[in-house]
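Going down the list, the sequences are from chains A and B. For reference, each letter of the first sequence is one residue, going 5 to 83 in this note's numbering. For reference, each letter of the second sequence is one residue, going 85 to 221 in this note's numbering.
Hints are computed from structural coordinates only; laboratory data are not their basis. Mixed in with the good hints there might be a few duds.
Derived lysine-lysine pairs resembling BS3-like cross-links, with alpha carbons at most 25 angstroms apart [unchecked claim]:
hint, chain 1, residue 1, chain 2, residue 2
1, A, Lys60, A, Lys83
2, A, Lys53, B, Lys100
3, A, Lys34, A, Lys83
4, A, Lys13, B, Lys172
5, A, Lys28, A, Lys83
6, A, Lys83, B, Lys172
7, A, Lys28, A, Lys13
8, A, Lys60, A, Lys34
9, A, Lys28, A, Lys82
10, A, Lys28, B, Lys172
11, A, Lys74, A, Lys13
12, B, Lys100, A, Lys60
13, A, Lys34, B, Lys100
14, A, Lys28, A, Lys60
15, A, Lys53, A, Lys34
16, B, Lys172, A, Lys82
17, A, Lys13, A, Lys82
18, A, Lys53, A, Lys13
19, B, Lys100, A, Lys13
20, A, Lys28, A, Lys53
21, A, Lys60, A, Lys13
22, A, Lys13, A, Lys83
23, A, Lys13, A, Lys34
24, A, Lys53, A, Lys83
25, B, Lys172, B, Lys100
26, A, Lys82, A, Lys34
27, A, Lys83, B, Lys100
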Amino acid sequence: MTVTTNVTKTVDARGLSCPLPIVKTALAIKELGSGDMIEVLATDPGSTKDFVAWSKTTGHELVESTVDGKVFRYILRKK
Amino acid sequence: MEQNLALVLFSGTDDKLNAAAVMTAGAAAIGRPVHIFLQYWALDSFRADRIADDHGLAPEAGDAGRRAVDALAAAGQAPWHETLRQAKELGEVDIQACSLSMDLLQITESDLDPLVDGVEGVTSFWLAASDGQVVFI
């Protein structure tokens, strides 16, 4: 299932190292409303575990976590 | 998760300050309040006129470490003070200068970068640290 069409905002964190993908996402998600979807593109290999942990702590649901070559893609739904 | 984290920054080299900035930003991202206490050479690196200077690396970095750090910076890695600025934007991050170190360096609050929220003594630091974890870098 793909939910790309429902994405409100995209954070391009490609090339940024830890913890900036999370930091940029956390800042961006503040601007969204509850239930809005955000897409994150990242190349930081630690980001996969970080987004799982961040989602668990903040309650923003990690809807998708995929990888295409060196680019990780996450979709989150704001709590 | 509301458990607070206290960082005591002693070292003023860019690698250690970056490690501290990363820890801070990560904690801020999960909603943990962070209290930072700046001592000695770390405080010196927060002087407004020097914050963006090259503060060197810890001795164990060596030449290879220097090249690795330079390569990351050339690839666009944000400097530690920028990461700290973002962490402050994101969450509850309070940065305090150690008053003894202010005396040591013979500086006043106006010499410090606006990232620094104030000056305090060690007693105030321990009160702020409360029963949270304390990390010394």
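Hint check results:
This hinted pair checks out: Lys60/A and Lys83/A have alpha carbons roughly 11 angstroms apart, not beyond 25 angstroms. Straight-line distance between C-alpha atoms of Lys53/A and Lys100/B comes to about 24 angstroms, which keeps the hinted pair within the 25 angstroms bound. Restraint check for Lys34/A and Lys83/A: the C-alpha separation of about 11 angstroms stays at or below 25 angstroms, so the hint holds. Annotation: proposed proximity of Lys13/A to Lys172/B holds, straight-line Cα distance about 22 angstroms (limit 25 angstroms).
Straight-line distance between C-alpha atoms of Lys28/A and Lys83/A comes to about 17 angstroms, which keeps the hinted pair within the 25 angstroms bound. Between Lys83/A and Lys172/B, the direct Cα distance comes to roughly 22 angstroms. Compliance with the 25 angstroms bound is thereby established for this hinted pair. For a cut-off of 25 angstroms, the pair hint linking Lys28/A to Lys13/A stands: about 12 angstroms separates their Cα positions. Proximity of Lys60/A to Lys34/A is assessed by CA-CA distance (about 17 angstroms); at most 25 angstroms being required, the pair is judged to hold.
For the suggested pair Lys28/A and Lys82/A, the alpha carbons sit about 14 angstroms apart, so the restraint of at most 25 angstroms is met. Between Lys28/A and Lys172/B the alpha-carbon distance is near 12 angstroms, which keeps this suggested pair within the 25 angstroms criterion. Between Lys74/A and Lys13/A the alpha-carbon distance is near 21 angstroms, which keeps this suggested pair within the 25 angstroms criterion. With a C-alpha separation of about 29 angstroms, the suggested pair Lys100/B and Lys60/A falls outside the 25 angstroms cut-off, and the hint is violated.
With a C-alpha separation of about 30 angstroms, the suggested pairing of Lys34/A with Lys100/B is violated against the 25 angstroms cut-off. Only pairs whose Cα atoms come within 25 angstroms are accepted, and Lys28/A paired with Lys60/A is accepted, the gap being roughly 17 angstroms. With a C-alpha separation of about 21 angstroms, the suggested pairing of Lys53/A with Lys34/A holds against the 25 angstroms cut-off. Of the pairs offered as hints, the one joining Lys172/B and Lys82/A holds, with about 21 angstroms between alpha carbons and a cut-off of 25 angstroms not exceeded.
Distance restraint check for Lys13/A and Lys82/A: the Cα-Cα separation of roughly 11 angstroms lies within the 25 angstroms cut-off, and the hinted pair is therefore satisfied. Proximity of Lys53/A to Lys13/A is assessed by CA-CA distance (about 22 angstroms); at most 25 angstroms being required, the pair is judged to hold. For the hint linking Lys100/B to Lys13/A, the alpha-carbon distance of about 34 angstroms lies beyond 25 angstroms, and the restraint is violated. Simply put, Lys28/A and Lys53/A have alpha-carbon atoms about 16 angstroms apart, close enough for the 25 angstroms limit, and the pair holds.
Between Lys60/A and Lys13/A the alpha-carbon distance is near 21 angstroms, which keeps this suggested pair within the 25 angstroms criterion. Restraint check for Lys13/A and Lys83/A: satisfied, since their Cα atoms lie roughly 15 angstroms apart, inside the 25 angstroms limit. Simply put, Lys13/A and Lys34/A have alpha-carbon atoms about 11 angstroms apart, close enough for the 25 angstroms limit, and the pair holds. With a C-alpha separation of about 19 angstroms, the suggested pairing of Lys53/A with Lys83/A holds against the 25 angstroms cut-off.
Our distance criterion of 25 angstroms between C-alpha atoms is met by Lys172/B and Lys100/B, whose separation comes to about 18 angstroms. About 9 angstroms separates the Cα atoms of Lys82/A and Lys34/A, which keeps this hinted pair within 25 angstroms; it holds. Annotation: proposed proximity of Lys83/A to Lys100/B is violated, straight-line Cα distance about 35 angstroms (limit 25 angstroms).
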